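Colleague: In case you want the letters, here they are:
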Amino acid sequence: MDQMAEPRMAHPLVPRVAHVRRRWRDGPDVWTLEIEDGAGSGFMPGQFNMLTVFGVGEVPISLSGDPADGNRIRHTVRAVGPVTRALARLRPGDPLGLRGPFGTGWPTDALDGRDVVIVAGGLGLAPLRPAILQLLARRDRIGRLTLVYGARSPDQILFARQQDRWGRRSDIEVAVTVDHATSPWRGYVGVVTTLIPRAVSDPANTVALVCGPEIMMRFAAAALTDAGLPETAIHLSMERNMKCAVGLCGHCQFGADFLCRDGPVFRLDRIARRLALREI
Amino acid sequence: MEDLQRIIRAHPFFAGLSDAFSELIGGCARNVVFAEGDHLFRQGEEADALYLLRSGQVALEITAPGRGTMTFLTLGPGDVVGVSWLVPPYRWSYDARVVEPTRAIAMDAHCLRRKCEDDPALGYELMKRFVPVLSQRLQAARLQMLDVYGPDG
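Order-wise, the sequence lines are chains A and B.
For the first sequence, this note's numbering assigns the number 1 to the initial residue and increments by one for each residue that follows.
For the second sequence, this note's numbering assigns the number 1001 to the initial residue and increments by one for each residue that follows.
Worth flagging that the hints you see were computed from the coordinates, not collected in a lab.
Quick caveat: nothing in here was measured; it's all calculated off a predicted structure.
By construction, the Cβ of each residue, glycine as well, lies at the ideal position given by its N, Cα and C atoms.
Heads up, a few of these hints could be off.
Stated by the list, open to error - If you want the ones that stay clear, here's a sample from chain A, every Cβ over 12 Å from chain B, calculated: (1) V20; (2) R21; (3) T232.
Unchecked claim - Partial list, computed: chain B residues near chain A (C-beta under 8 Å): (4) A1059; (5) G1068; (6) T1069; (7) M1070; (8) T1071; (9) F1072; (10) L1073; (11) V1099; (12) A1140; (13) L1143; (14) L1146; (15) D1147; (16) V1148; (17) Y1149; (18) G1150.
From just these sequences and the hints, can you work out the full model?
Modeller: See below:
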């Protein structure tokens, strides 16, 4: 009888049912879902959930909301495949399956007194947004805070209005660049790595959080080390085909690590050699 | 003239340049100011200068039929605009449009090329400074060509 009274831990492979509360467009083919997750127990910035559209399939999606928002979580999805397109079509009140949160997070608790450079490319800003919000909530504990963001073109800038608001604050520097632009754009044009040198003023005391397409992260990591950061101060969020999310199935194996269990956030010194390998 | 040499030496592109070389190239330099919307140069024109940007912002642009004008790089204080003056037939292959009011040092290309021919040590010094810029821009162009933020990125 006593055993029956114990709260049951949810099995990590069994989705719980949650419901979409709101949804809005955050760019071409990019949608953010706000989900009421009654059984949620919080998350660390950088972690991901497995989202199921019933009858369609399951995908890993990073959490993009504020960790302080409790059970009201957000996921930002680019509609590119059958499951993500189905996710983007969900309406308020629709159910979806949810497992997680899984994986390692950004080391936001270890940044006190450090300068922080956040380098994001494209949709890679979504997993970094919770870290930025958390750092801004305890802004007095860290040094210089800089967001360096790159997108394909001005119309594809993620969270554009929020980045504008951040850019007007005095406690975070925001530099946005696009790969190509047409005339109305008055900001930077060029690859995101060109903005990194001016974002680093005290390399020995700076930590970098990097997320974006893998090739962009490779070049960003090189620019950060060129700017004087040690590999131990650079953290990357890797992406692979995660399935079970608990380190059993091996779909997301990355050398000696499973990304779902040992990542997705890794320190550069742990994975630098593997980043240069083909077919891994 | 002395003031121009001081400005040239203070520009990141010529950081650490010797007094003798800065005196040599100082004779090719002049201060220039551009208003928003001005062009430093346009595609097809003779590449007769290089520009050391001191303030403002300049967009490098290419116009393609049916696609309009596309900006592929913006440059600001501390950057150098123009490498076509180094390579025959010395013609600009893109437009350089001023996005924000810009102050720069313009260096006469004929004068620079002549001085580099006369003094190979100066030529080598300039090459050591231009080749990294060329290499960085080539690498950036490769990344842009890969379209890393596209659907296959």
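Colleague: Each hint needs a verdict: does it hold in this structure or not?
Modeller: Hint-by-hint comparison with the structure:
1. Once the 12 Å rule is applied to beta carbons, V20 (chain A) is consistent with being away from chain B; the minimum gap is 25 Å.
2. Non-interface status of R21 (chain A) relative to chain B is upheld: no Cβ of that chain comes within 12 Å, the nearest being about 28 Å off.
3. Remark: the non-interface label on T232 (chain A) is consistent with the geometry, its nearest Cβ contact in chain B lying 25 Å away (cut-off 12 Å).
4. For A1059 (chain B), the shortest C-beta to C-beta distance to chain A is roughly 7 Å, which falls under 8 Å, so the interface hint holds.
5. Interface hint status for G1068 (chain B): upheld, as the beta-carbon distance to the closest one in chain A is roughly 6 Å, under 8 Å.
6. Annotation: interface hint on T1069 (chain B) holds; nearest CB of chain A at approximately 6 Å, less than 8 Å.
7. At a threshold of 8 Å, the smallest CB-CB gap from M1070 (chain B) to chain A is about 6 Å, leaving the interface hint in force.
8. This hint holds: T1071 (chain B) has a C-beta 4 Å from the nearest C-beta of chain A, less than the 8 Å allowed.
9. Because the closest C-beta pair between F1072 (chain B) and chain A is about 6 Å apart, less than 8 Å, the hint holds.
10. The criterion of a C-beta within 8 Å of any C-beta in chain A is met by L1073 (chain B), whose closest approach is roughly 5 Å, and the hint holds.
11. For V1099 (chain B), the shortest C-beta to C-beta distance to chain A is roughly 6 Å, which falls under 8 Å, so the interface hint holds.
12. Satisfaction of the interface hint for A1140 (chain B) is found here, the shortest Cβ-Cβ separation to chain A being roughly 5 Å, below the 8 Å cut-off.
13. A cut of 8 Å between beta carbons decides the hint on L1143 (chain B): the least distance to chain A is about 5 Å, and the hint holds.
14. Residue-level restraint check for L1146 (chain B) holds (minimum Cβ-Cβ distance to chain A is 6 Å; threshold 8 Å).
15. A distance limit of 8 Å between C-beta atoms decides the matter here; for D1147 (chain B) the minimum to chain A is near 7 Å, and the interface restraint holds.
16. For V1148 (chain B), the interface hint holds, since its Cβ comes within 8 Å of a Cβ in chain A; the closest pair sits about 4 Å apart.
17. Checking Y1149 (chain B) against chain A by beta carbon gives a least distance of about 4 Å; that is within 8 Å, so the hint holds.
18. Taken as an interface hint, G1150 (chain B) checks out: its beta carbon lies about 6 Å from the nearest beta carbon of chain A, inside 8 Å.
Checked against the numbered hints above, the structure violates none of them.
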